[in-house]
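In our numbering, the protein residues as written are 94 to 348.
Because the hints were derived from the structure by calculation, they are not lab data. Please read these numbers as outputs of a predicted model, since none were measured by experiment. Accuracy of the hints is not assured; some may be wrong.
Said to hold, decoys possible - Quick list of in silico lysine to aspartate or glutamate cross-link-like pairs, DMTMM-like style, CA-CA up to 25 Å:
#1 Lys163 - Glu177
#2 Lys166 - Glu177
#3 Lys162 - Glu177
#4 Lys269 - Glu113
#5 Lys269 - Glu329
#6 Lys170 - Glu159
#7 Lys148 - Glu159
To be verified - Estimated spans, in silico, between C-beta atoms of each pair:
#8 Gln156 - Gly96: 27 to 35 Å
#9 Lys173 - Leu135: 36 to 44 Å
#10 Phe243 - Arg335: 52 to 60 Å
#11 Leu237 - Lys166: 34 to 42 Å
#12 Leu115 - Lys173: 56 to 64 Å
Ideal Cβ positions, reconstructed from N, Cα and C, are used throughout, including at glycine.
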Amino acid sequence: MSGFMSLFADLVGSIADLLEPLFHASATAAAIVLFTACVRLLVHPLSRASARGQKARARLNPQIAELRKKHSKNPEKLQKAVLELHRAEKVSPLSGCLPSLFQLPAFFLLYHLFSSSSIGGEANALLGHELFAAPLGGRWADALGDGGVFGAQGLVYLALFAIVAAVATFNFRRTKTQMAAGASASGGTDAQQVPGMGAITKVMPYMSFMTLFTVAFVPLAAALYVVTSTTWSAVERAVLYRDVPIGAGALATAG
Numbered sequence: 094m095s096g097f098m099s100l101f102a103d104l105v106g107s108i109a110d111l112l113e114p115l116f117h118a119s120a121t122a123a124a125i126v127l128f129t130a131c132v133r134l135l136v137h138p139l140s141r142a143s144a145r146g147q148k149a150r151a152r153l154n155p156q157i158a159e160l161r162k163k164h165s166k167n168p169e170k171l172q173k174a175v176l177e178l179h180r181a182e183k184v185s186p187l188s189g190c191l192p193s194l195f196q197l198p199a200f201f202l203l204y205h206l207f208s209s210s211s212i213g214g215e216a217n218a219l220l221g222h223e224l225f226a227a228p229l230g231g232r233w234a235d236a237l238g239d240g241g242v243f244g245a246q247g248l249v250y251l252a253l254f255a256i257v258a259a260v261a262t263f264n265f266r267r268t269k270t271q272m273a274a275g276a277s278a279s280g281g282t283d284a285q286q287v288p289g290m291g292a293i294t295k296v297m298p299y300m301s302f303m304t305l306f307t308v309a310f311v312p313l314a315a316a317l318y319v320v321t322s323t324t325w326s327a328v329e330r331a332v333l334y335r336d337v338p339i340g341a342g343a344l345a346t347a348g
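Please work from the sequences and hints to get the whole structure.
Following this line, the structure appears as structure tokens:
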């Protein structure tokens, strides 16, 4: 593991060296943003596949509405019929989770890299790199202890919080609108008949705001990954899902 982390640290350092003429002292922070963009590009085919799956689920809404009429007095049969329809059409209500799951290793790599005082038996030099005045290995609590909310480090976090809040608000409004459209089209059947989906659907619009807590408690380098990835996701979903109601595919909007 230490050898792998050393290779990853060298990779981040090499990218930072390439970016140093443009970003100077913040080159390592820029390297993390570029690394995040590369990860998102690799995951993009999965996001496109998820969008296609969402469109397929939307096309099933008329059939699901018919099943609901047919089994209106027998919820168990209705649930079974809906799940069988999904299987027959090779549509998974949970396929939207894949893009988020494939990003987790990259996030944990950055988290571990910028949480470790030593890498490969040597001092972790990356911890001393900064985004403006804030160390990439530091956390918001450290910034509060060194100048407070409006200190040099605190202002960096306030900027990140502002970006996350703006993206979360955009996602919240869009998700609420699409979920309402999806519920209208399917009569709410998807959320009712896929086990556990009803509860997930209720909290889905608020999940983007959880990113604020992530940014506050992880090392700044990992927070940069989260902010960049979240912003990318918002733009990507706005394009890929622009004409698709969320309905049963609410999970496709996560991550």
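Worksheet item: Looking back at the numbered hints, which does the structure fail to meet, lowest number first?
Response: Structure breaks hints 4, 8, 10, 11.
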